[in-house]
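Novice: First residue of the sequence shown? That's 1 in UniProt numbering, and the numbers climb one at a time after it.
Incorrect hints may have been included.
PhoX-like, lysine-lysine: derived pairs with alpha carbons at most 20 Å apart [unchecked claim]:
1. K81 / K37
2. K39 / K120
3. K81 / K69
4. K39 / K69
5. K122 / K133
6. K37 / K69
7. K35 / K69
8. K120 / K107
9. K118 / K39
10. K107 / K81
Computed spacing ranges between beta-carbons, pair by pair [unchecked claim]:
11. A79 / N50: 29 to 39 Å
12. S47 / E126: 38 to 48 Å
13. S33 / R124: 19 to 29 Å
14. L42 / R16: 18 to 28 Å
It is worth saying that the hints were derived from the structure and are not from the lab. Small disclaimer: the values here were computed from a predicted structure and weren't measured. Even glycine gets a Cβ: it sits at the ideal position worked out from N, Cα and C.
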Amino acid sequence: IPRFVLQGGDRTGTGRGGESLWGSPFEDEIRGSLKHKGKGILSMANSGPNSNTSQFFITYASAPHLDGKHTVFGQVVGAVKTLEQIEKVPTDDDDRPKEDVRIDSVKVLVNPFTEAVKAKQKERREEEEKQTKLGMEKKRDQMYAEAAAKEGADVVGKYVNRVSGGEVDDVQIGGIPQPKKPKLQQKSSSNFGDFSGW
Numbered sequence: 001i002p003r004f005v006l007q008g009g010d011r012t013g014t015g016r017g018g019e020s021l022w023g024s025p026f027e028d029e030i031r032g033s034l035k036h037k038g039k040g041i042l043s044m045a046n047s048g049p050n051s052n053t054s055q056f057f058i059t060y061a062s063a064p065h066l067d068g069k070h071t072v073f074g075q076v077v078g079a080v081k082t083l084e085q086i087e088k089v090p091t092d093d094d095d096r097p098k099e100d101v102r103i104d105s106v107k108v109l110v111n112p113f114t115e116a117v118k119a120k121q122k123e124r125r126e127e128e129e130k131q132t133k134l135g136m137e138k139k140r141d142q143m144y145a146e147a148a149a150k151e152g153a154d155v156v157g158k159y160v161n162r163v164s165g166g167e168v169d170d171v172q173i174g175g176i177p178q179p180k181k182p183k184l185q186q187k188s189s190s191n192f193g194d195f196s197g198w
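Using the sequences and the hints given, assemble the complete structure.
Specialist: The structure is reproduced here in structure tokens:
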């Protein structure tokens, strides 16, 4: 239909035929950001909500009244001149081209499914790396804890001489014995003004 769309995907050539890959109609996949704006928008043809089969159309011009009703799934790039030539092919009263128009091949430049799979694989790899790193950190912490448990309390302060009560006795610094601190005697509370014992 000139100044509107080129419709295809019906092997019967009647405009009513064609079935989906699954054999039955499939649901619409309407995305708010994908619009029928400009020439070359690729969209699913349907006969109402969730009735997509094998038929599709390519716009010759913007068609905003189709937004929200048809699933946009691509755009023609690099072959706009070819699209313009197809639009000029004369049609009959039913808007069918008077000569055969065939699309023999297409080239998908960016496949959103491939891109989505790559993004998911990258996300999975990053999560695995994160889990591996966390696992290694946990294993390292566990090794340190086990080593400390084996050596016990002797690790900390093992060079300090101990007496049976666990008190520090005759601490030596640099090989020189340190003098013992004198014990302070408590003074009676009657010497209120004497703070030397503090």
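Novice: Of all the hints given earlier, name the ones this structure violates by number, lowest first.
Specialist: Violated: hints 2, 3, 8 and 9.
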